[in-house]
Amino acid sequence: MDLNPLTNEDVADILALLDSLPYDELDLETPRFRLTLRRTPGGWTQSTQVLSVPEPVATTTVSHRGAPDHGDVTSSSSRTGAEEGGRAADGVEVADEADGDGELVAVRAPLPGTFYRAPRPGAAPFVEVGSRVEADTVIGIVETMKLMNSVPAGVAGVVAGFCVANAEFAAQGAALLRIRADQ
Amino acid sequence: VILRRVLIANRGEIAVRVMRTCRRLGIETVLAVTAADADAVPARLADKTIEITSYLDVDAVVEAAAAARADAIHPGYGFLSENPRLALACEAAGIVFIGPGADVLEAAGDKLAARGHAVAAGLPVLPGGLADPAGEGGAGAEALAGRIGYPVLVKAAGGGGGRGLRVVRDPADLAGAVAVGSAEAKAAFADPRVYLERYVSPARHVEVQLLGDGENVIHLGDRDCSVQRRYQKLIEEAPAPLLGDALRDGLRNAAVALGEHLRYRGAGTVEFLVDAARDAFYFLEVNARIQVEHPVTEAITGLDLVEEQIAIAERRPLRVRQQDVTFTGHAIECRLNAEDPAKDFLPSPGTITGAVFPAGATGAGLRVDTHVQAGSMVPPHYDSLLAKVIAHGAGRGEALERLEDALGRCAIDGVVTNLDMHRKLLADPEFEAGGVDTGYLTRWLSGAGHG
Chain A
1 MDLNPLTNED
11 VADILALLDS
21 LPYDELDLET
31 PRFRLTLRRT
41 PGGWTQSTQV
51 LSVPEPVATT
61 TVSHRGAPDH
71 GDVTSSSSRT
81 GAEEGGRAAD
91 GVEVADEADG
101 DGELVAVRAP
111 LPGTFYRAPR
121 PGAAPFVEVG
131 SRVEADTVIG
141 IVETMKLMNS
151 VPAGVAGVVA
161 GFCVANAEFA
171 AQGAALLRIR
181 ADQ
Chain B
184 VILRRVLIAN
194 RGEIAVRVMR
204 TCRRLGIETV
214 LAVTAADADA
224 VPARLADKTI
234 EITSYLDVDA
244 VVEAAAAARA
254 DAIHPGYGFL
264 SENPRLALAC
274 EAAGIVFIGP
284 GADVLEAAGD
294 KLAARGHAVA
304 AGLPVLPGGL
314 ADPAGEGGAG
324 AEALAGRIGY
334 PVLVKAAGGG
344 GGRGLRVVRD
354 PADLAGAVAV
364 GSAEAKAAFA
374 DPRVYLERYV
384 SPARHVEVQL
394 LGDGENVIHL
404 GDRDCSVQRR
414 YQKLIEEAPA
424 PLLGDALRDG
434 LRNAAVALGE
444 HLRYRGAGTV
454 EFLVDAARDA
464 FYFLEVNARI
474 QVEHPVTEAI
484 TGLDLVEEQI
494 AIAERRPLRV
504 RQQDVTFTGH
514 AIECRLNAED
524 PAKDFLPSPG
534 TITGAVFPAG
544 ATGAGLRVDT
554 HVQAGSMVPP
564 HYDSLLAKVI
574 AHGAGRGEAL
584 ERLEDALGRC
594 AIDGVVTNLD
604 MHRKLLADPE
614 FEAGGVDTGY
624 LTRWLSGAGH
634 G
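Chain order of the listed sequences is A and B. By our numbering, the letter at position 154 of the first sequence is numbered 154, and the numbering carries on one by one without gaps. All you need for our numbering is the position in the second sequence, starting with 1, plus 183.
Keep in mind that a hint or two might mislead.
Restricting the straight-line Cα-Cα distance to at most 30 Å, the calculated cross-link-like pairs of lysine-lysine (DSSO-like) are [claimed, not checked]: (1) A/K146 to B/K369; (2) A/K146 to B/K526; (3) A/K146 to B/K607; (4) A/K146 to B/K231; (5) B/K607 to B/K526.
Not close to chain B: a few residues of chain A, all C-beta gaps over 12 Å, as computed [what the hints assert, rightly or not]: (6) L51; (7) A106; (8) S131; (9) D136; (10) E143; (11) V158; (12) A165; (13) F169.
Not the full set, but computed from the structure, chain A residues with beta-carbon under 10 Å of chain B [stated by the list, open to error]: (14) T7; (15) N8; (16) E9; (17) G42; (18) Q46; (19) S52; (20) V105; (21) R108; (22) P119; (23) T137; (24) M145; (25) K146; (26) S150; (27) G173; (28) A175; (29) L176.
Honestly, the hints are just simulated from the structure, not real lab data. All figures in this text were calculated on a predicted structure; none of them were measured in a lab. C-beta atoms are modelled at their ideal positions from N, C-alpha and C, and glycine is treated no differently.
Work out the full structure, taking the sequences as your base and the hints as a guide.
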């Protein structure tokens with residue numbers, strides 16, 4: 001590892017000193033970093049922690065578009081799968097509690113990530129409020145670290161309402177939508 | 184031009200990597216960070232940070248550079264690194280873009296245009312061409328695929344990274360694959376064009392590193408990146424093992440010829456598909472940026488590619504002549520990712536509770552490029568690369584041995600990683616023998632070799 005303020009050469013120099021000494025561990029801490037070197041049967045290991053605090057140039061956020069990005073691609077425009085697809089249906093729809101009498105079951109995000117309601121721009125959303133779903137019906141996509149994860153309903157019933165809007169971030173386990181489960 | 188302050192418009196290990204060279208050269212660094220990265224290790228290491236909402240926002244990045252009074256922007260890899268709009272916006276703002284000019288980025292970014300340039304420069308390309316989905320019922324594409332011969336590969340003209348790529352073995356599946364590939368390409372790259380090429384299997388992925396100053400172009404040897412899964416590279420090495428001299432020289436000369444044809448300025452890579460059984464190679468694409476796997480080339484050449492990028496951006500002529508480039512030994516890199524090989528490589532974001540890496544004396548041939556430490560958050564918004572472990576030895580055997588030792592001394596806790604998979608892979612006799620093809624990893628994962 002070559003984290004400033006210590007370079008690889010610094011660590012190598014410290015190791016050279018240590019090698020001639022009977023010690024098996026060195027723990028060095030300054031206000032800026034902490035370095036732990038340990039002698040193991042396979043050789044030396046290191047763990048470094050940079051303790052210094054980031055120093056911002058300006059307090060204002062530089063931004064033109066509001067949307068956070070979701071990953072690593074070369075094109076900056078129109079890159080997220082369902083950005084346009086679900087736009088018309090954007091906003092959180094509230095479940096109508098009076099409608100029907102089945103149990104409301106939340107479909108939760110399997111991973112933290114960005115929730116998309118449609119498979120790609122221009123495509124119809126997977127489901128709408130009132131859509132009939134089976135346990136294996138895909139209700140949306142959660143994009144985590146460049147990977148698209150399909151989310152199945154998990155239960156048969158009717159979509160009662162969305163808890164997370166299209167292209168919004170969902171924490172792991174957050175309710176994405178609720179389904180009025182079949183009796 | 185002399186660069187004194189550089190804005191780094193990237194994150195993760197490459198941000199740390201670029202900072203290290205800047206610091207050595209006495210160049211101040213300002214790191215553009217999103218809220219998720221504001222307290223990450225790269226932000227702590229930068230001289231200054233400036234917050235932006237997105238690494239993909241050209242205007243925000245240029246404005247941040249201006250606000251920080253940076254002379255130049257280093258885009259790293261991914262994000263905006265090959266975006267001609269950023270190069271143009273920099274020019275308009277009087278900021279140096281550390282990378283090729285917009286014209287070269289356009290030529291390289293459009294895979295069909297790049298293919299045309301490769302043909303013009305005399306490089307062999309696979310039989311193929313534009314699939315015209317407007318043709319009635321995809322008849323145009325079907326006729327083309329018929330001429331190419333099945334299986335064919337459907338590829339996105341607008342970009343790489345595996346998006347929009349599809350293998351079609353049966354003519355009946357072609358129209359559907361073209362339609363879906365085109366929709367995917369439109370979503371990912373805002374460009375629905377797809378093209379067809381002959382699918383060659385087994386094949387190896389070999390690439391050649393270039394440096395150019397707009398007049399002269401040299402190569403820094405080849406790398407083999409055949410250990411891939413869904414077009415994502417996991418292990419890279421330099422030089423490519425078990426290539427005949429004629430084939431290796433052919434690859435290197437072809438890459439330089441294309442670089443000269445493009446009047447290439449900056450660091451770049453020409454990727455090739457190698458049909459080892461027939462001793463043939465074909466142009467794949469140009470990557471007009473620093474690549475993730477550049478450290479293996481640095482290990483065997485002793486050059487610092489980021490330093491050369493900066494010198495070229497300062498409009499200096501190449502500081503190294505081809506005859507000065509020497510290759511010493513062999514280097515291999517493993518990418519440690521926060522993903523779970525046992526669960527189909529499910530991403531594993533979270534908080535790192537411990538990060539231990541090997542420490543080596545000078546000359547031990549070890550290098551670790553990372554941006555994580557105990558307490559680091561691995562946010563779900565970005566890719567899963569945690570660290571690259573690189574070993575250099577006198578030969579491939581020694582490099583492999585050193586890498587195995589190095590991985591044995593790595594421990595990352597708090598998130599699931601592919602560390603164990605790498606350790607098993609390095610011990611696999613087929614990988615040890617060298618020269619595996621791009622299908623190797625998928626076969627190994629499905630086979631008994633995998634725990």
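Check each numbered hint from earlier against the structure, then list the numbers of those it violates in ascending order.
6, 10, 13, 20, 21, 23, 26, 27, 28, 29
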